[in-house]
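**Q** Line order of the protein sequences matches chains A, B, C, D and E. Once you know that position 105 of the first sequence is 105 in the numbering used here, the rest is easy, because the numbers rise by one and skip nothing. Once you know that position 130 of the second sequence is 130 in the numbering used here, the rest is easy, because the numbers rise by one and skip nothing. Once you know that position 86 of the third sequence is 86 in the numbering used here, the rest is easy, because the numbers rise by one and skip nothing. Once you know that position 73 of the fourth sequence is 73 in the numbering used here, the rest is easy, because the numbers rise by one and skip nothing. Once you know that position 132 of the fifth sequence is 132 in the numbering used here, the rest is easy, because the numbers rise by one and skip nothing.
FYI, nobody ran anything at the bench for these hints, they're computed from the structure. Please note that the accuracy of each hint is not assured.
Using C-beta positions, here's what the derived DEER-type ranges look like [what the hints assert, rightly or not]:
#: 1; chain 1: E; residue 1: Arg4; chain 2: D; residue 2: Asn108; range: 48 to 58 Å
#: 2; chain 1: D; residue 1: Ser11; chain 2: B; residue 2: Ile103; range: 25 to 35 Å
#: 3; chain 1: B; residue 1: Ile103; chain 2: E; residue 2: Pro134; range: 33 to 43 Å
#: 4; chain 1: A; residue 1: Asp162; chain 2: D; residue 2: Phe18; range: 37 to 47 Å
If you want the ones that stay clear, here's a sample from chain B, every Cβ over 12 Å from chain A, calculated [as the list claims (entries may be wrong)]:
#: 5; residue: Val11
#: 6; residue: Leu13
#: 7; residue: Leu34
#: 8; residue: Ile36
#: 9; residue: Arg64
#: 10; residue: Phe109
#: 11; residue: Met165
#: 12; residue: Ala200
#: 13; residue: Pro229
#: 14; residue: Leu283
#: 15; residue: Ser287
#: 16; residue: Arg311
#: 17; residue: Asp313
#: 18; residue: Gln314
#: 19; residue: Phe329
Covered by chain C, according to a simulated footprint, are these stretches of chain D (three or more residues, beta-carbon under 8 Å) [claimed, not checked]:
#: 20; stretch: 48-60
#: 21; stretch: 82-88
All values derive from a computational prediction rather than experimental measurement. Cβ atoms here follow ideal geometry from the backbone N, Cα and C, with glycine treated the same way.
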Amino acid sequence: MIKTETYQLSMGPVHPSTHGVLQVLLTLDGEKVVDSVPCMGYLHRGIEKLMEARTYFQCLPYTDRLDYVSAMNNNFSYCHAVEKLAAIDIPEKAQYLRVIMAELNRIASHMIFIGSLAVDIGATTGMIYPFRDRERILDIFNELCGARMTYSYIRIGGVRSDLSSAIVDMINKFLADLPSMLDEYNNLLTGNEIFQHRLKGTSLLSGEQARRLGITGPMLRASGIDYDLRKDNTYSSYDNFEFSVPLGKNGDNWDRYIVRVKEISESAKIIRQALDGIPDGQITAKVPKVLRPPKGEIYDTTEGPRGEVGYHIVSDGSAKPYRIHIRRPSFINLQALNILCKGYLVGDVVVAMSTIDPILGEVDC
Amino acid sequence: MHEGLLVNLTVFLTRIAEFIFGNIFIAQLFIVLLEIVVIFAVISLAVIIQVYMERRICGLIQDRFGPNRVGPFGLLQTVADMIKLMSKEDIVPAKAEKLLWGITPMLLFIPAALVYAVFPFDNGVIFADIGIGIFFVIAVMSQGVLLFLLGGYASENKYSFMGAMRAVAQMLSSEIPIAFSILAIVMMTGSLRMSDIVSAQSGIWFIAVQPLAFIIFIIAMLMETNRTPFDLVEGEAEIIAGPFTEYSGMRWALFFLAEYTNLLAAAILTVTLFLGGWQGPFLPGISWFILKVFAVIFVFMWIRWTFPRTRIDQMMALSWKVLLPLALFNIMATGIGIYIYKWIY
Amino acid sequence: MEIVDIVPDVLKNNVMITTIDGLFKWARSNSLWPLTSGLSCCAIEMMCAAAARFDLARFGYEVFRPSPRQADLFIVAGTLTWKMAPPLKRLYEQMPNPKYVIAMGSCANEGGPFADAYSVVPGVDKIIPVDVFIPGCPPRPEALIYGMLQLKEKIRHPEIIQKVKK
Amino acid sequence: MQGKGLLIGLSVTLRHFFSRKETVQYPEEKLVMNDLFRGGRLILNEKKCISCKLCAMACPNEALALTVEIDEQKKRHMKKYVHKSGRCLYCNFCVEACPTKAITWDKNYEIACYHIEELTYDAVKRNKEDENNEY
Amino acid sequence: MKRRYMGRDKLYTLKKDFPTDIDFDDAAENPSLIIRSLPYFPKIMHSLNTQHKFDMLSNITAVDYDDYFEVVYDLTSRINSEELMVKVPLAKASPALETMTALWPEADFHEREQYDLMGIIFLHHPNLQRILLPDDFIGYPLQKSYRQAEKEGENG
Chain A
1 MIKTETYQLS
11 MGPVHPSTHG
21 VLQVLLTLDG
31 EKVVDSVPCM
41 GYLHRGIEKL
51 MEARTYFQCL
61 PYTDRLDYVS
71 AMNNNFSYCH
81 AVEKLAAIDI
91 PEKAQYLRVI
101 MAELNRIASH
111 MIFIGSLAVD
121 IGATTGMIYP
131 FRDRERILDI
141 FNELCGARMT
151 YSYIRIGGVR
161 SDLSSAIVDM
171 INKFLADLPS
181 MLDEYNNLLT
191 GNEIFQHRLK
201 GTSLLSGEQA
211 RRLGITGPML
221 RASGIDYDLR
231 KDNTYSSYDN
241 FEFSVPLGKN
251 GDNWDRYIVR
261 VKEISESAKI
271 IRQALDGIPD
281 GQITAKVPKV
291 LRPPKGEIYD
301 TTEGPRGEVG
311 YHIVSDGSAK
321 PYRIHIRRPS
331 FINLQALNIL
341 CKGYLVGDVV
351 VAMSTIDPIL
361 GEVDC
Chain B
1 MHEGLLVNLT
11 VFLTRIAEFI
21 FGNIFIAQLF
31 IVLLEIVVIF
41 AVISLAVIIQ
51 VYMERRICGL
61 IQDRFGPNRV
71 GPFGLLQTVA
81 DMIKLMSKED
91 IVPAKAEKLL
101 WGITPMLLFI
111 PAALVYAVFP
121 FDNGVIFADI
131 GIGIFFVIAV
141 MSQGVLLFLL
151 GGYASENKYS
161 FMGAMRAVAQ
171 MLSSEIPIAF
181 SILAIVMMTG
191 SLRMSDIVSA
201 QSGIWFIAVQ
211 PLAFIIFIIA
221 MLMETNRTPF
231 DLVEGEAEII
241 AGPFTEYSGM
251 RWALFFLAEY
261 TNLLAAAILT
271 VTLFLGGWQG
281 PFLPGISWFI
291 LKVFAVIFVF
301 MWIRWTFPRT
311 RIDQMMALSW
321 KVLLPLALFN
331 IMATGIGIYI
341 YKWIY
Chain C
1 MEIVDIVPDV
11 LKNNVMITTI
21 DGLFKWARSN
31 SLWPLTSGLS
41 CCAIEMMCAA
51 AARFDLARFG
61 YEVFRPSPRQ
71 ADLFIVAGTL
81 TWKMAPPLKR
91 LYEQMPNPKY
101 VIAMGSCANE
111 GGPFADAYSV
121 VPGVDKIIPV
131 DVFIPGCPPR
141 PEALIYGMLQ
151 LKEKIRHPEI
161 IQKVKK
Chain D
1 MQGKGLLIGL
11 SVTLRHFFSR
21 KETVQYPEEK
31 LVMNDLFRGG
41 RLILNEKKCI
51 SCKLCAMACP
61 NEALALTVEI
71 DEQKKRHMKK
81 YVHKSGRCLY
91 CNFCVEACPT
101 KAITWDKNYE
111 IACYHIEELT
121 YDAVKRNKED
131 ENNEY
Chain E
1 MKRRYMGRDK
11 LYTLKKDFPT
21 DIDFDDAAEN
31 PSLIIRSLPY
41 FPKIMHSLNT
51 QHKFDMLSNI
61 TAVDYDDYFE
71 VVYDLTSRIN
81 SEELMVKVPL
91 AKASPALETM
101 TALWPEADFH
111 EREQYDLMGI
121 IFLHHPNLQR
131 ILLPDDFIGY
141 PLQKSYRQAE
151 KEGENG
């Protein structure tokens, strides 16, 4: 009699498709996945502990290094939380600039998503094109704050520098070219039948499952649940802008991909409106040189490209935070990995891992 | 019919050798050995050119330049890579089946090079114009997979083993559509001999007569040579490097060479079966042959750098549920066509 | 010291040794295949270096091998934690000689922003020998290319290291 | 129709095969770094520096180790200005904190080195060396 | 639309159900709910989950104060668009409380993280193991008393 056995396969911590140093322990029956367990912590850098020894201002560069492909959104989230804690009012202009930069960074982050999905699925050229176009956004950021990835642009109380007309031109030009870039990705990847066959109907995550697991961000919206903090808990100046929240239907890999592609054009819409409506005024509020927020506790969330970024800050009235805890969306989203992988093939694991889009800096903190 | 440039050269060399050795038998043996050396040199050169081509095409498609620093236009890049691979440390994994593991890369080159025996490079330039030429090619080409299996098994690595299993599944699914699509051509020529197939295309190439067979053949050939969209055997993102995961240095280079030798063989086969072989106006046969072969290789590379990878079950479904019925239908249509043709004339 | 210097006088006429050595140096320095291993932030810049704008491929360094057995160069791009140190060391040991290591970014150099953290290795050179250090957080892709070109110099002229060291 | 997408994809890549290339040929052509670029090494302008140590205090990660000397006229002089680039975040906080704009980045990213000791350097000493080189 | 903090009237109704077990600072603008008795903690959370429709456990964190630990739950109701902060003080000697994985499956990773870094024990958790740090790590680094051991051996 023929007997089959399951076997263990450890994917990672160094594996081309785990987006860093995630380890996934797969139990396989042939090529079929029986069980999958994510093991993280290979990039645990103890940021929360380090922050306790630094002042509120000095913590800022560390938030850059959490979700390193969308540092602006992390800066934004952190500053928003601290400002709420210290009751600082932000000038209108600074809020607009923040929104513009956060949305640009969201586009850049989603481009990395498209690129890494393409390379995981075997289309190397599909990775190079989004990376090539992402350089345009990085150029804008480089012009703005002199760094390509770790910006520290959004500061407590406002932003670091004003937009020059050259930067406005660069953004306008980028936005004008964006539709043709998206067309190119659509022609190369989205329309490709092999690509569609790989993504459609695989790794289903129902809306109810996603809701119960606390999934947030595009992954939740791909499962058909309309929940976007930019609309459902508007912060900064998002309520001034018209935009829609793209939703998926089935919650399969295809929906997770399409939702993100659509979000790129929605973000572009927001940027366009914000650029047109930048009010005059200050770019920073008056913030004391040494910030000592009142004793208290705050939990504040914003919508990052991967979901709900939350900062829980405990202040004891001194210049250094007593305790900071960060809710990292990728960390929580990874809980869905087993549901996404179970019963599918090894080839689908790779795709599912890509569409969760975890950034290990954020997962491991 | 023997009028090609290379044929005359061979005849001339044989005369000289006969004059030197004073014995026709030894002279012919010498010439055969010389021919083997030449064909190996040509294959190696072609492989080096292909690797360079691949990297340049990949670069150009991706809006960048690709290797252009080492030597003029980066032409020496592959040479540098090969020399480096030769100078690397030879690591044998402690848990590998040492004998099997060691001989696999060497054996792999045999089926890859053997098929070249029956390819007509020019008018009359063919090493063995055997009566079962095309059958021989199909039979020998599929031997390569055995060595993939051997290498994957002997490495004692799960990724390698998965790759080996995939290689076997893939070979089984690709061989049958290839055989059936070629059958339609064999029906038209009435011969398995390669030179007959080429000369049957002196009027019209088979790509025009048998477009369906051509498409099936190209898709199945992509499977056979493990290239995207069917590079499941070494799907980087999934199973690291498949059966080659544990191989390093020169041993890995042999796998690499065999892969490109197979690609070249696939291109030659395509040209011979569908694109009229060495035939073409004005230029000598060999230059038409080289031109066509590299055009086909370009198409293969172009496909590789455009498409994503399929999944193993999709690849098998495509092969068994789509390509095979289509190939069978094509055979039937060809049969009817031949019958009608004979009935009219 | 060059191999030429070791050759006894009697054999000085034997040109082959030096030539092959030089040939190998030329080949190795022109064909550094990095291992696909990104640890964190710098990995994204490493990918950018291979993408269209900066194009590592011009030097022939773009062949990112997923298996350590076929790689020559280990670019440690990102923060190394104590939990990651054993797998990293193992990967390094799996690579065939001659192998090279580039520490990319502050984290890999000396721990960078996280030098004081309880879980971070303050510098990759505590674990594996490093050939070239690239400062930056993260370094620009050009800086990475420059670092690789420095490594190329080092492979061709191993003696320059002694000259630089004070 | 199945296969149409594949052909469109092929046309996209073929177009790019012949199109203009995006690459900046790095060692020969270089992108210009703008004024804000944070990278390279710190340059200390000793004439402007008032030795207030605000830069070291602003640093999130103690990457600057300063030694200040007080001379006979009770004036403060920077004796050592050690920048440990291995601990640096390149966040620009030190440059922003400086009240007299005495420190700037030299914007030269080509600073890869072979020895770990070279990562830490003394900006004051470098100034002296530069002076010696000039004369 | 802006999310509100849980209304005071609802807090009062909750207080009526569990008069001695919960507490909140009436003077504060957004008072957080403090749970005084551990045995009633799962019941209170259950009532928050079902009656008050807090369908999302956004965040769990633990704070190490001088003489006690405090576990903080940040709840969000997507249905009512409300939020609430629940605090559970724990004695330093035995920082243990019931797991919330049955009510909110997402609590799994959150709780493992707090166990890993702060040493809070979540009873009946399905898989309470270290998640970020290596299994052989000694101590809980986010506790204020944690001192880094002398650079963990230069030899690695």
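**Q** Decide, hint by hint, whether the structure agrees.
**A** Going through the hints against the structure:
1. E:Arg4 to D:Asn108: 48 to 58 Å: Given about 53 Å between the Cβ atoms, the range holds.
2. D:Ser11 to B:Ile103: 25 to 35 Å: violated (45 Å)
3. B:Ile103 to E:Pro134: 33 to 43 Å: For E:Pro134 against B:Ile103, whose Cβ atoms are near 41 Å apart, the range 33 to 43 Å holds.
4. A:Asp162 to D:Phe18: 37 to 47 Å: The hinted range 37 to 47 Å holds for A:Asp162 and D:Phe18, with Cβ atoms some 42 Å apart.
5. Val11: Given that every Cβ of chain A is farther than 12 Å from that of B:Val11, nearest at about 48 Å, it holds.
6. Leu13: The claim holds: B:Leu13 sits with its nearest Cβ about 46 Å from chain A, beyond 12 Å.
7. Leu34: holds (41 Å)
8. Ile36: Holds, since 37 Å exceeds 12 Å.
9. Arg64: violated (8 Å)
10. Phe109: holds (27 Å)
11. Met165: Violated: least Cβ distance 8 Å, not greater than 12 Å.
12. Ala200: Since the minimum Cβ distance to chain A is about 35 Å, B:Ala200 lies beyond 12 Å and the statement holds.
13. Pro229: It is violated; B:Pro229 is separated from chain A by about 5 Å at its closest Cβ, not greater than 12 Å.
14. Leu283: holds (34 Å)
15. Ser287: The claim holds: B:Ser287 sits with its nearest Cβ about 31 Å from chain A, beyond 12 Å.
16. Arg311: violated (4 Å)
17. Asp313: Answer for B:Asp313: violated, closest chain A Cβ roughly 7 Å.
18. Gln314: At about 6 Å from chain A, B:Gln314 fails to clear the 12 Å cut-off, so the statement is violated.
19. Phe329: holds (21 Å)
20. 48-60: Coverage by chain C is violated for the stretch 48-60 of chain D (1 residues, Cβ < 8 Å).
21. 82-88: holds (count 5)
When the structure is compared with the earlier hints, violations turn up for hints 2, 9, 11, 13, 16, 17, 18 and 20 and for no others.
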